[in-house]
Structures are given as C-alpha cells and as structure tokens.
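Engineer: Chain by chain, the residues:
There are 2 protein chains.
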Amino acid sequence: MNTKPTLFTSFSPALLHLYDLSNSIVVIIDILRATSTIATALYNGAKSVIPVDSVSRCIELGKQIEGVTAGERDGKIAEGLQNGNSPFEYTREFIAGKTLVFTTTNGTRLLQMALDRGATEIVTGAFSNLSVVCDHLMVMKKNVILACAAWKDRINMEDSLFAGAVIHEVGRYFSINCDSSHIATAMYKQAKKDLFDFMKANEASHYHRLIGFGLEKDIRYCLTPDLANVLPQYDNGKLTI
Amino acid sequence: MNTKPTLFTSFSPALLHLYDLSNSIVVIIDILRATSTIATALYNGAKSVIPVDSVSRCIELGKQIEGVTAGERDGKIAEGLQNGNSPFEYTREFIAGKTLVFTTTNGTRLLQMALDRGATEIVTGAFSNLSVVCDHLMVMKKNVILACAAWKDRINMEDSLFAGAVIHEVGRYFSINCDSSHIATAMYKQAKKDLFDFMKANEASHYHRLIGFGLEKDIRYCLTPDLANVLPQYDNGKLTI
Chain R
1 MNTKPTLFTS
11 FSPALLHLYD
21 LSNSIVVIID
31 ILRATSTIAT
41 ALYNGAKSVI
51 PVDSVSRCIE
61 LGKQIEGVTA
71 GERDGKIAEG
81 LQNGNSPFEY
91 TREFIAGKTL
101 VFTTTNGTRL
111 LQMALDRGAT
121 EIVTGAFSNL
131 SVVCDHLMVM
141 KKNVILACAA
151 WKDRINMEDS
161 LFAGAVIHEV
171 GRYFSINCDS
181 SHIATAMYKQ
191 AKKDLFDFMK
201 ANEASHYHRL
211 IGFGLEKDIR
221 YCLTPDLANV
231 LPQYDNGKLT
241 I
Chain Y
1 MNTKPTLFTS
11 FSPALLHLYD
21 LSNSIVVIID
31 ILRATSTIAT
41 ALYNGAKSVI
51 PVDSVSRCIE
61 LGKQIEGVTA
71 GERDGKIAEG
81 LQNGNSPFEY
91 TREFIAGKTL
101 VFTTTNGTRL
111 LQMALDRGAT
121 EIVTGAFSNL
131 SVVCDHLMVM
141 KKNVILACAA
151 WKDRINMEDS
161 LFAGAVIHEV
171 GRYFSINCDS
181 SHIATAMYKQ
191 AKKDLFDFMK
201 ANEASHYHRL
211 IGFGLEKDIR
221 YCLTPDLANV
231 LPQYDNGKLT
241 I
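Protein sequence lines correspond, in order, to chains R and Y. To convert, note that position 80 of the first sequence is 80 in my numbering; the numbers rise steadily by one, no gaps. To convert, note that position 37 of the second sequence is 37 in my numbering; the numbers rise steadily by one, no gaps.
Don't take every hint at face value.
Stated by the list, open to error - Computed, partial: chain R to chain Y, Cβ under 10 angstroms:
1. 14
2. 18
3. 22
4. 60
5. 156
6. 157
7. 179
8. 185
9. 186
10. 189
11. 190
12. 196
13. 205
These aren't lab readings, by the way, just hints derived from the structure by calculation. Yeah, the Cβ is synthetic: ideal placement off N, Cα and C, and Gly gets one too.
Make a model of the complete structure from these sequences and hints.
Structural biologist: This is the structure we're talking about:
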C-alpha cells in the first residue's frame, strides 16, 4: 500500500487550476526575487510581510499601518512605493521590527491566486530558505504543490530549478506522478554544481533581464542556499516566521 | 542586427494563449502517440489524415467519406471507432490510399485550438519525422511555436523532449528568449543517449501508463527518430504530405 503523500509542480500560474490546493501545502516560488526577499526580510527581523496584489492597495495599507511599502512592476520599483524587491534592501538595520507591505508582478499575484483557489496552508520558498522548506515538507507529511510564479505566466528556469532542488531533497518521501516534477529534477541534477553558470549557459530569460539591470549580485544571492533559512508561513493575511 | 526568427515552446495547451500563432509555423507535438501515428499513416500511403475534435464527428465524417475512423480517449480505442492510435495499426497494407479520420485526447484537440487561435501554418512533429520537421523549419526561416499536446493540460516529458530535440538541431538559426525552450533543450541533452531509458529512469507518467497497457513497443517506436520521415502539413481541414 502506498501511503506517501503526493507532490506536484505547477510551472506557471496558468497551470495552477490543474491541482487540488485545498488539501495541500502550497509552496509559492518566485526566486528572482520576491520569495528570496520575503525570506530575507523576515530573517532580518521584519515583524511580518503582507503580500498585496496591487500597487494602490500597497500604498493604502502602508499608510494605514505605517509599514514599509515595497514592490516592483516589470522588474523596477513601482511608482509610489518606497522600496524595491532586492533582498539587499532588507538589512537588519532597515527592516527589523517593521512590517513590509509587498507587491510584485508574479509572486504576490500567485499567492492571491492560490488563496482564491482554496489553499489553506501556504509557505514561501526560495533557495534562501531551501533547507527549512524541505524540513517542513518532510515533517508535515502532507500533499505538496510546488507553485512557480513564472513571469506573466511564462515558465521560467529559476523557479523550476528550485522545484527540482526541493524534490531532489525530499522527493523520496512523496508519490510523484507529475512530469513537471521529473523535468525539474532532471534539470536540477544537471544544474546543481553551479546554478549561476547553468542559468547563464542556458540563457535563462531572467538572467539576461537582471544582468541588464546590473543585478548580478542579486541573482547570485537568490541562487545561494540557506542565506535566510526561515519559514514564512501565511496566516490571516500575513507572512510570519 | 538580429534578424533571426523567434522560437517559443508551449509546454501545454493551457499556455498556448501566451504566444502569437498567427505569424508562425506551429508544430503540433503529441509523441505518445497521435503525431507519431499521423506521420506513420501518411508515410505508409494514407491519402490524408483528417483531425477532428470529437468522437461523434469522427464517426459522422467517417461514414460520409468512407474513411477509416480512429482515435482514443484516455489511451484506449474510443467507442464507435474502428481503430486506435498505435502507429503499428497503420501498415502500408492497411492504410495506403485511404483517408484516416482521427481524434485523440490531446493532439487533435490542440490542433483545433491552434486554428481557433489564428494559426495559419500547422505541421505535426514527432521523433518519427524529426529530421524533416527540422529541415522544414530551417528552410522556411519563419517564427516557430513548438506546441506540446501534453496530457489534459499537464506537461509531459516526451513532448518536451521532442521540443528539446528540435531546438538541439535548429536552435542556432533562431532567437530564443523562452525558458521553456531552454529547459527542454537542457533535458534533451541529458536524455538523448537513450530516450527510452531516460523516460523510464525519470518516471515519465506516460511511460508508466503505456507500459501498463502492454505498449512498450509503441513507446520505443515513438521515441525513435525518422522511422516515418514525412512532413504532415495542415491545409483546408486535412493533413497531407
């Protein structure tokens, strides 16, 4: 008898409807850079991160609760917000004790979508907190959906690689009848020696986009495991650890 | 100046809306088994293959034109149809000179969807006709969409591998800003020594499904290059060579 919980990978928000979120832990993945930054801000002492799906809501809520407003649209700080979504902006000196109200093109939108689709247990995952995410999934023994934020519904390499990294670590504890998961794992095995080089050699679209913005440092940070190894869990509108 | 045409890979019909089909050659990919069988039937002398999107339409049209009705639903011959979608059913002795009216769970549905989305140039691709598809794309110098049929919108390994095989051959002639394409290519490079073994080792879902039906022979055939190296082109409701 196979009593292992199931694990599926959704490579794009446009595929999320194929999976049953209600009975699963949903891991929201937006490596460049939302979920890397969420882990970093909480690791550095942010009280909570409140993901919102629009810039106007971000501004409004930021005023109400005297939070730090942050986020991007198309890779740049959105107009009217105070901060961007580089993890380097969220040092302990800056963010400790504060609430971050956060909106991004893909990651926070996906989180909202998961809620709308009945998800009740949501965590965020990034290489920054790879180990703690894996430990959580192993301990909980529940079904898992690895939900990639992608880029405007187009599949991206780094979110898929992270799904592969998680499965590489914990896959044996799950029943996986999901080719996206197997594709991610096969790619990760090839990439794991040097994720940055793999992204560069294989012409990942976000590698080019962020290098174009002079953000090599961000890419390297976001591909490094366990630099902010805390588990952001969503509850009642907030991500906390 | 970059004057190369573009190439994108759509891993699932649920992602097809992200791409501009109207100005592109759309390659419909359903390795297990629709597009492998289409190539085989035409290679063996079928007059044409008429893809239809429902079993009832298949039966109706089959009667009208005295064609061979064929197709599957959920991997088995659909009720009311004469034949299934194994390439081995379409020997020269059986199919030469006949018209095949064909419906499948994913492949013919995707073709119809591509038409609805404005595609004007459609060919079908499979390992069975890999070389001629690649030659065609090289010669035509037009934008390309590699459209995977997947399985009820869930991404599958073999269609993705075929996309990787095409890009491995002709990618240098295209401008590819598409991580799905890069993911497919990275996977194909790892798999190409032995596609069957790769599918088995990486637990591809269709490998398991078809092995369960006793169809290892079909899988091996459908993963072998150039056994039916003709180019099915869609025009006016029919695929012909």
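Engineer: Run the structure past the numbered hints and jot down the numbers of the failing ones, going up.
Structural biologist: The structure breaks hints 3, 4 and 12; every other hint is satisfied.
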